[in-house]
Amino acid sequence: MKEVIRASGIGKKFGETQALKDIFFEVNEGEIFGFIGPDGAGKTTLFRIITTLLNPDEGEMTVLGLNTAGDFRELRKCIGYMPGRFSLYQDLSVEENLNFYATVFGTTVRENYALISDIYSHIEPFRKRLAGKLSGGMKQKLALSCALIHKPKLLVLDEPTTGVDAVSRAEFWEMLKKLRQHDITIVVSTPYMDEAMRCDRVALIQKGQLMLADRPQKIREGFGRKLFAVRAPQKYRLLEALRKYPLTETAYPFGDSVHVTIRNNIFDASLNEHLVRSGIENASITESEAGIEDRFLELMKNRI
Amino acid sequence: MKRFLGFVKKEFLHIFRDFRTLIILFGIPTAQILIFGFVVSTDIKDAGVAFLDLSNDDVTQKISDKICSSGFFRREEDLHSYNDIDLVMKKGKARAVIVFGENFGRSLTGQGKASMIIITDGSEPNTATLITNYATAIVTDFNREYTGSGLSGAVLLQPEVRMFYNPGLKGHYMFVPGVITLIMILICALMTSITITREKEFGTMEVLLVSPLKPMQIILGKVTPYFLLSFINVIMILLLSYFVFDLPVKGSLALLLAESMLYILMSLSLGILISTVSRTMQQAIFISFLGLMLPTILLSGFIFPIENMPKVYDVVASIMPPRYFIVIIKNIMIKGTGFGFVWKETLILTLMTVLFIGLSVRNFKVRLE
Chain X
1 MKEVIRASGI GKKFGETQAL KDIFFEVNEG EIFGFIGPDG AGKTTLFRII TTLLNPDEGE
61 MTVLGLNTAG DFRELRKCIG YMPGRFSLYQ DLSVEENLNF YATVFGTTVR ENYALISDIY
121 SHIEPFRKRL AGKLSGGMKQ KLALSCALIH KPKLLVLDEP TTGVDAVSRA EFWEMLKKLR
181 QHDITIVVST PYMDEAMRCD RVALIQKGQL MLADRPQKIR EGFGRKLFAV RAPQKYRLLE
241 ALRKYPLTET AYPFGDSVHV TIRNNIFDAS LNEHLVRSGI ENASITESEA GIEDRFLELM
301 KNRI
Chain E
1001 MKRFLGFVKK EFLHIFRDFR TLIILFGIPT AQILIFGFVV STDIKDAGVA FLDLSNDDVT
1061 QKISDKICSS GFFRREEDLH SYNDIDLVMK KGKARAVIVF GENFGRSLTG QGKASMIIIT
1121 DGSEPNTATL ITNYATAIVT DFNREYTGSG LSGAVLLQPE VRMFYNPGLK GHYMFVPGVI
1181 TLIMILICAL MTSITITREK EFGTMEVLLV SPLKPMQIIL GKVTPYFLLS FINVIMILLL
1241 SYFVFDLPVK GSLALLLAES MLYILMSLSL GILISTVSRT MQQAIFISFL GLMLPTILLS
1301 GFIFPIENMP KVYDVVASIM PPRYFIVIIK NIMIKGTGFG FVWKETLILT LMTVLFIGLS
1361 VRNFKVRLE
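Residue numbers (this note's numbering), protein chains in the order written: chain X, 1 to 304; chain E, 1001 to 1369.
The hints are simulated quantities; they were obtained by calculation from the structure and are not laboratory data.
Glycine residues also receive a C-beta, built at the ideal position from the N, C-alpha and C atoms.
All the pointers check out, no bait thrown in.
The calculated lysine-lysine pairs, modelled on DSS-like cross-linking and capped at a C-alpha distance of 27 Å, are:
{"hint": "1", "chain 1": "E", "residue 1": "Lys1009", "chain 2": "X", "residue 2": "Lys133"}
{"hint": "2", "chain 1": "E", "residue 1": "Lys1002", "chain 2": "X", "residue 2": "Lys151"}
{"hint": "3", "chain 1": "X", "residue 1": "Lys21", "chain 2": "X", "residue 2": "Lys2"}
{"hint": "4", "chain 1": "X", "residue 1": "Lys77", "chain 2": "X", "residue 2": "Lys153"}
{"hint": "5", "chain 1": "X", "residue 1": "Lys151", "chain 2": "E", "residue 2": "Lys1214"}
{"hint": "6", "chain 1": "X", "residue 1": "Lys178", "chain 2": "X", "residue 2": "Lys218"}
{"hint": "7", "chain 1": "X", "residue 1": "Lys133", "chain 2": "E", "residue 2": "Lys1200"}
{"hint": "8", "chain 1": "X", "residue 1": "Lys128", "chain 2": "E", "residue 2": "Lys1200"}
{"hint": "9", "chain 1": "X", "residue 1": "Lys13", "chain 2": "E", "residue 2": "Lys1200"}
{"hint": "10", "chain 1": "X", "residue 1": "Lys151", "chain 2": "E", "residue 2": "Lys1200"}
{"hint": "11", "chain 1": "X", "residue 1": "Lys2", "chain 2": "X", "residue 2": "Lys177"}
{"hint": "12", "chain 1": "E", "residue 1": "Lys1365", "chain 2": "X", "residue 2": "Lys151"}
{"hint": "13", "chain 1": "E", "residue 1": "Lys1214", "chain 2": "X", "residue 2": "Lys153"}
{"hint": "14", "chain 1": "E", "residue 1": "Lys1330", "chain 2": "E", "residue 2": "Lys1344"}
{"hint": "15", "chain 1": "E", "residue 1": "Lys1009", "chain 2": "X", "residue 2": "Lys128"}
{"hint": "16", "chain 1": "X", "residue 1": "Lys301", "chain 2": "X", "residue 2": "Lys207"}
{"hint": "17", "chain 1": "X", "residue 1": "Lys153", "chain 2": "E", "residue 2": "Lys1002"}
{"hint": "18", "chain 1": "X", "residue 1": "Lys153", "chain 2": "E", "residue 2": "Lys1365"}
{"hint": "19", "chain 1": "X", "residue 1": "Lys177", "chain 2": "X", "residue 2": "Lys77"}
{"hint": "20", "chain 1": "E", "residue 1": "Lys1002", "chain 2": "X", "residue 2": "Lys128"}
{"hint": "21", "chain 1": "E", "residue 1": "Lys1009", "chain 2": "E", "residue 2": "Lys1365"}
{"hint": "22", "chain 1": "E", "residue 1": "Lys1214", "chain 2": "X", "residue 2": "Lys77"}
{"hint": "23", "chain 1": "E", "residue 1": "Lys1066", "chain 2": "E", "residue 2": "Lys1090"}
{"hint": "24", "chain 1": "E", "residue 1": "Lys1200", "chain 2": "X", "residue 2": "Lys77"}
{"hint": "25", "chain 1": "E", "residue 1": "Lys1214", "chain 2": "E", "residue 2": "Lys1365"}
{"hint": "26", "chain 1": "E", "residue 1": "Lys1214", "chain 2": "E", "residue 2": "Lys1200"}
{"hint": "27", "chain 1": "X", "residue 1": "Lys21", "chain 2": "E", "residue 2": "Lys1365"}
{"hint": "28", "chain 1": "E", "residue 1": "Lys1365", "chain 2": "X", "residue 2": "Lys77"}
{"hint": "29", "chain 1": "X", "residue 1": "Lys77", "chain 2": "E", "residue 2": "Lys1002"}
{"hint": "30", "chain 1": "E", "residue 1": "Lys1009", "chain 2": "X", "residue 2": "Lys151"}
{"hint": "31", "chain 1": "E", "residue 1": "Lys1365", "chain 2": "X", "residue 2": "Lys13"}
{"hint": "32", "chain 1": "X", "residue 1": "Lys77", "chain 2": "E", "residue 2": "Lys1009"}
{"hint": "33", "chain 1": "X", "residue 1": "Lys128", "chain 2": "X", "residue 2": "Lys151"}
{"hint": "34", "chain 1": "E", "residue 1": "Lys1045", "chain 2": "E", "residue 2": "Lys1330"}
{"hint": "35", "chain 1": "X", "residue 1": "Lys226", "chain 2": "X", "residue 2": "Lys301"}
Far from chain X, some chain E residues (derived; all Cβ distances over 12 Å):
{"hint": "36", "residue": "Leu1025"}
{"hint": "37", "residue": "Ile1035"}
{"hint": "38", "residue": "Asn1056"}
{"hint": "39", "residue": "Lys1062"}
{"hint": "40", "residue": "Phe1072"}
Using the sequences and the hints, build the whole thing.
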């Protein structure tokens, strides 16, 4: 498989703040590669280095076989970039925005219409509307169309689903899946753990450091402990009670349950007794499969 | 080239979609010209005058009639005692009071001199000086007629003052070129610096940078629409000054337009330069207004002659581009001189333009840092 991105020891400082440190990873052709991490982890900085907007202080970033620092002119012809903020012209209409980006990249909308038709057809009825007046989901589709209009080999999407409703998010990921048919490699970042499962490979990033990069399934399997999901009606009291239990190692709220790990992985009746003593009855305790988030929290804890 | 045209088209769309941009671009120059031309007038017209005539003979009558028929003054009130002077001035009805001494006519014919006082409102020094000058001129004129009629042997030698190029000493002759100079640099620099920093602030610059557009294409794409619109602006101001203030262009119109183009280009490139050093629109507005407006008004020779300034200011003024354009435009519009008289200033402006564009392209960041 061909390599589209290779990061070797990327480091970046802003004044005293170390935004990125010692980043190594590769992205293969045709992959959807996701970066997961909390706000301020360094995802945007990393994406700006990939898209030639920033130069790394240390290490080397190679994209499509070209160095991002030296060959940026050549590279800028074949990257599609969708920044985190909606950055199209709000005072231009949908159509005008798309036409503008097509001309700037030396192509026409007609030439690559096939590529974007799936996405653009959703917003085409509103093509005369000003971009600033679109809803969040439509803005996102327009931005994606604009980033795709020149048929880039690499598509870089910085938190494309942030601030977008759940239905549009799901639709958006379906569209990304379809883009793979056109041999477009996609790098995407998101703060939502559930979206990680939709990527081919995922990298966990935290405080400027890459903690892990692997297939989502592998990342989940890497969770080295037994995990118990505890459910009870009063979730907050349950969480407090679980954290007071002397054998608890970690307890994090997770959807409608609390995910708990217990020292030595031994789960016995004393936990139930403890809960009853704390006033929580009828708690259901089941062994559960670890999700990406569990693994992420585990890794974060080990770092600190 | 297609990319560049696409960019220019986009800029035009921005301008025509934004009501405020259009107001700044066309409304402000029109308003400025009209305000400066009508309100900030340095001419006197119909200024109220009160007379305190203590002799009330036919000579004083003639003089006061002559003063009031000049068109500069209007008879406001006839006073009867010195005590009224203070009152009428305080009321603000009269800007000046003219007092004729007792036995005015008799002493003028008998002794060849008579006493007359012009009292003006010193709280407005400019108007006061103007009124004194105008009134004195009228009286001197009367004096000449009077002595010329042979009533007295004393022939006074009067200097005759004539103003070349602007015989009526009209204020618009000074203000129209001044306003063109001021407005063009302000608007051009302001608009271009804002449109570029706006792209930075809205994050669209990020996308433009990750495109194959070259810095020169972005810069020229921004400059071209404003260049065309500003040029229309100049023509509009010239038409306005011709039809509203009867101010003709004495020299070659083609030369004036060519020089205006150069000046617009210089101002636009200055705006680009400002945008390369400012991160936000606010910064750009701040630099454009404070860094350009005050120095242009004070140091360009627009209002205050540079020759009268201390040496230090003279040096500072010599790096202000408007200073040179004001010389050019006054020469062409009012004196009617040709290129031969303004080539030096033209050369300086050309060099400044080249310098600004060069610095802008060099300063233009191809990355986000």
